[in-house]
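Student: Heads up: the sequence lines are chains D and X, in that order.
This note's numbering puts the first residue of the first sequence at 1, with every later residue one more than the last.
This note's numbering puts the first residue of the second sequence at 300, with every later residue one more than the last.
One or more hints might be untrue.
With the Cβ distance kept under 8 angstroms, some of the chain X side facing chain D (calculated, not the full set) [stated by the list, open to error]: (1) 311; (2) 313; (3) 377; (4) 380; (5) 382; (6) 385; (7) 425; (8) 462; (9) 520; (10) 521; (11) 542; (12) 546; (13) 548.
No wet-lab data here; the hints were simulated from the structure.
From the three backbone atoms N, C-alpha and C, an ideal C-beta is built for every residue, glycine too.
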Amino acid sequence: MSAPGGQIVVDDLTKVFGGNVRAVDQLSFSVEPGSITGFLGPNGAGKTTTLRMVLGLVRPTSGRATIGGVPYRQLPNPTQTVGAALESASFHPARTARNHLRIMCTVADLPMQRADEMLDLVGLHDAARRKVRGFSMGMRQRLSLAAALLGEPQVVVLDEPANGLDPDGIRWLRGLLRHLAEQGRTVLVSSHQLNEVEEVADRVVILNHGRLVRAGSIAELSAGTDSVLVRSPNLQALHTALTGQPVTVEPVDPTAVRVRGMSAAQLGNLAFTAGVELHELSLQRFDLEELFFSLTSGQ
Amino acid sequence: MIPVVRAEFLKLRTTQVWLWMLALAVIAGSLIVVGGLASDSVHTPRDVPDVFANANGTLLTAFVLGVLGITTEFRHQTITTTLLQTPSRWAVVAAKLFTYALVGLLYAAACAAVQLAIAVPWLSAKRIDFTLSDPDVGRAVFGPLLLFALFALIGIGVGALIRNQIVALVSGLVFILVINNIIPAIPVVKNSYAYTPAGAVTEILFPAHESTPGDVHLIGSGGGVLVLLAWALIPALIGAGYSMNRDIT
């Protein structure tokens with residue numbers, strides 16, 4: 001069975017550094033075209049090592065990773081297939097941004113004006129002929145992104161692309177990623193900034209200590225997780241009123257409970273009918289951060 | 300393969316190291332030639348070849364350029380981009396070998412041109428006739444073309460093998476400048492001198508020369524070329540097959 005073009009498949013991937021450090025441990029997941037997948041995990045979870053194995057830069061101890069069914073090192077035109085931005089420091093400090101991209105154009109047999117087009121796209125037009133030495137972190141991120149998108153790749157892999165970007169830059173990046181996914185490209189973005197990812201990602205893969213903790217679409221992960229926070233000076237009466245209802249009730253603090261399985265309107269109606277005084281009735285949306293911490297803490 | 304080679308030239312051109320090394324090679328070589336001409340040792344056409352051959356120390360610029368050509372990529376992590384675009388380590392190392400051999404050749408050509416521009420009028424003013432078609436003169440003036448190319452290759456090989464810029468430069472230079480020159484003085488190993496870079500340079504530039512250090516056994520200039528090729532290609536092969544395959548983290 002051949003994988004669809006642009007699908008990233010990580011299959012039972014393990015990396016042991018120096019004989020005993022298990023950076024990645026039997027990790028399997030897939031990343032689909034036409035969507036943005038957030039690759040999440042605390043620092044040191046193995047995100048970067050995994051991405052580097054996907055890109056053929058780090059040799060797996062066991063298992064394999066493929067892009068469109070092919071290991072990275074066997075891709076015929078890597079620049080036109082996969083665009084990767086790994087870290088903001090990988091430029092020669094004495095080389096200009098434009099020359100950096102022109103070298104990449106040369107290797108990939110792309111027309112030289114692609115370099116200028118990309119610099120315009122990422123907003124580095126004015127800095128094109130400046131040496132990278134003087135670039136801010138945000139400018140380096142933009143240059144990395146320009147390099148990743150140079151060959152109009154089907155697959156885009158970005159390691160912490162929001163690092164160093166200002167709020168405007170982050171909003172711009174979000175729009176760009178959305179645009180890339182809408183064009184049918186595969187977008188894999190690692191991040192530890194969860195709210196960034198939650199707003200833009202369709203799917204998430206959560207990693208901790210090199211192991212997969214959870215993978216799925218935001219919709220799947222958030223299904224059934226909406227809850228209603230109810231605050232009342234008389235929780236006892238509220239509990240009585242809820243008896244027999246198809247809900248789960250979870251205490252939050254001495255004056256509040258979290259209720260799942262009923263909408264805020266239904267709960268308000270129930271409390272009103274039962275004559276229970278309410279001080280707060282608020283819908284609690286799915287919170288990736290909360291899920292993340294509940295999954296990664298205490299492991 | 301051609302795009303990868305063109306990109307290597309562009310990499311070299313877009314920073315200034317090549318220019319500084321070239322300036323160093325041309326100026327140092329010219330000063331040595333001027334020193335030789337100004338000294339009292341050049342009286343007959345037989346003395347002319349050594350005037351040029353004595354500038355062979357400038358070969359080290361080609362070696363250093365080669366080492367930098369590959370280790371700078373590791374130092375600034377541009378190797379990540381390089382290997383993402385060209386995942387075959389063999390192709391990357393082969394492209395660098397080709398590029399730097401050619402650059403070494405151009406360095407030597409620039410050095411030879413400047414040295415001749417100084418020496419030809421000077422020698423004619425001294426009324427010493429010499430011709431480039433004389434085998435000894437031709438060897439001393441044009442031999443460096445081959446030697447610069449070979450030393451650039453050795454630089455690439457050592458860089459690919461060691462990856463770390465400082466370690467590669469220091470160990471390479473210490474070997475060539477110090478250890479290599481001690482070998483003829485040590486009886487047990489002195490006959491291996493013919494198979495070292497300095498020995499090979501001696502074979503190519505100073506054939507059957509009375510000043511051969513330590514009176515060691517030599518294997519001729521053809522053998523010298525093969526020795527230098529081996530010194531370049533063996534580390535390059537190990538580098539491409541093993542060192543360059545180590546994890547890029």
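Student: Against each hint, give a clear statement of whether it holds in the structure.
Tutor: Each hint tested on the structure:
no.	hint	in the structure
1	311	10 angstroms, violated
2	313	4 angstroms, holds
3	377	5 angstroms, holds
4	380	6 angstroms, holds
5	382	6 angstroms, holds
6	385	6 angstroms, holds
7	425	44 angstroms, violated
8	462	14 angstroms, violated
9	520	37 angstroms, violated
10	521	37 angstroms, violated
11	542	13 angstroms, violated
12	546	4 angstroms, holds
13	548	6 angstroms, holds
Of the numbered hints given earlier, the model fails hints 1, 7, 8, 9, 10 and 11; all others are met.
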